[in-house]
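Novice: If you want the building blocks of each chain, they are given just below.
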Amino acid sequence: MTTELTRPLPRSWWLQKSPYFQFMIRELTSLAVLAYSSLIVWALWSANDKGPFSTFFDFLETPLSVWLHMLVLVAALYHTGSWIALTPKVMVLWQDDEQVDPDLIAGANGILFLAITGVLLWLVL
Amino acid sequence: MKSKPDRPAPLFWLLFAGGGTASAMILPALVFITGIAVPAGWLSQNDLLALVRNPIGRVVLVGLVFLFLFHWAHRFRYALVDLGLRGLGSQGWLFYGAAAVGTLLAGLAAVRM
Chain F
1 MTTELTRPLP
11 RSWWLQKSPY
21 FQFMIRELTS
31 LAVLAYSSLI
41 VWALWSANDK
51 GPFSTFFDFL
61 ETPLSVWLHM
71 LVLVAALYHT
81 GSWIALTPKV
91 MVLWQDDEQV
101 DPDLIAGANG
111 ILFLAITGVL
121 LWLVL
Chain Z
1 MKSKPDRPAP
11 LFWLLFAGGG
21 TASAMILPAL
31 VFITGIAVPA
41 GWLSQNDLLA
51 LVRNPIGRVV
61 LVGLVFLFLF
71 HWAHRFRYAL
81 VDLGLRGLGS
91 QGWLFYGAAA
101 VGTLLAGLAA
111 VRM
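So the sequences go chain by chain: F and Z.
Numbering of the first sequence is given in my numbering, commencing with residue 1 and proceeding in unit increments.
Numbering of the second sequence is given in my numbering, commencing with residue 1 and proceeding in unit increments.
Just so you know, these hints were derived from the structure itself, not from any lab.
Treat each hint with caution, since some may be false.
Said to hold, decoys possible - Here are the simulated lysine to any residue pairs, SDA-like style, with alpha carbons at most 20 angstroms apart:
no. : chain 1 : residue 1 : chain 2 : residue 2
1   : Z       : Lys4      : F       : Lys89
2   : F       : Lys50     : Z       : Pro39
3   : F       : Lys89     : F       : Asp103
4   : F       : Lys50     : Z       : Leu43
5   : F       : Lys50     : Z       : Gln45
Owing to the predicted nature of the structure, the values given are computational and were not obtained by experimental measurement.
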């Protein structure tokens with residue numbers, strides 16, 4: 001008979017060191033992604049008619065919505081930053097026999113983010 | 001200890017990465033639009049409604065909900081395991097199921113619009 005052996009770990013392990021904490025915050029930014037997905041679903045359901053859509057639109061103008069958006073914005077930017085910082089580790093590129101500078105890959109992704117953000121805001125606003 | 005290969009796992013990792021990239025690239029801009037531009041009065045109700053109702057806009061929004069939700073499902077369930085909630089986090093169907101239901105809701109709303 002075999003038993004699975006797991007090393008006991010206090011639940012607060014991620015509070016004990018700064019990198020652990022940053023890791024957990026990074027993973028929990030997914031909750032902001034969930035929250036914004038729900039908002040999009042609400043927008044889609046209310047877009048049928050002017051009445052429901054104005055309920056949705058009025059909510060966007062409430063202080064509660066603005067505060068929640070600020071929270072989601074901070075989390076979203078943290079996610080963007082940490083995701084881009086990881087791109088050179090996921091995408092290891094070689095040119096001839098030399099490895100492409102990791103900072104170049106992260107930098108290119110950062111520029112792509114700024115370009116997409118700029119184009120999207122220019123299109124919408 | 002014998003364990004069966006987890007065949008759907010690569011698919012969920014792929015969706016996690018796709019959703020992670022999509023949200024990293026455009027979520028801040030979306031939050032800026034609904035969280036700052038709308039309350040500041042830079043985007044009217046009719047303009048926002050036109051964007052959501054636009055056929056391309058609709059398809060993009062449903063696609064984003066799909067990627068975003070599967071990104072959340074995968075990342076959050078492993079975060080729960082890391083937080084000591086192994087029992088809950090290992091119920092993958094719960095999280096991927098929720099993501100599938102959310103995507104379905106978004107798709108349905110877009111189709112009957």
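Novice: The structure should be examined with respect to each hint, and the outcome stated for every one.
Specialist: Cross-check of the supplied hints:
In summary, the hint linking Lys4 of chain Z to Lys89 of chain F is not supported, as the alpha carbons are separated by about 29 angstroms, beyond the 20 angstroms threshold. Proposed proximity of Lys50 of chain F and Pro39 of chain Z is supported: the alpha carbons are some 18 angstroms apart, at most 20 angstroms. Our distance criterion of 20 angstroms between C-alpha atoms is met by Lys89 of chain F and Asp103 of chain F, whose separation comes to about 10 angstroms. For the hint linking Lys50 of chain F to Leu43 of chain Z, the alpha-carbon distance of about 16 angstroms falls within 20 angstroms, and the restraint holds.
The hinted pair formed by Lys50 of chain F and Gln45 of chain Z meets the criterion: a straight-line CA distance of about 9 angstroms does not exceed 20 angstroms.
In summary, the structure is inconsistent with hint 1 from the numbered list given earlier, while agreeing with all the others.
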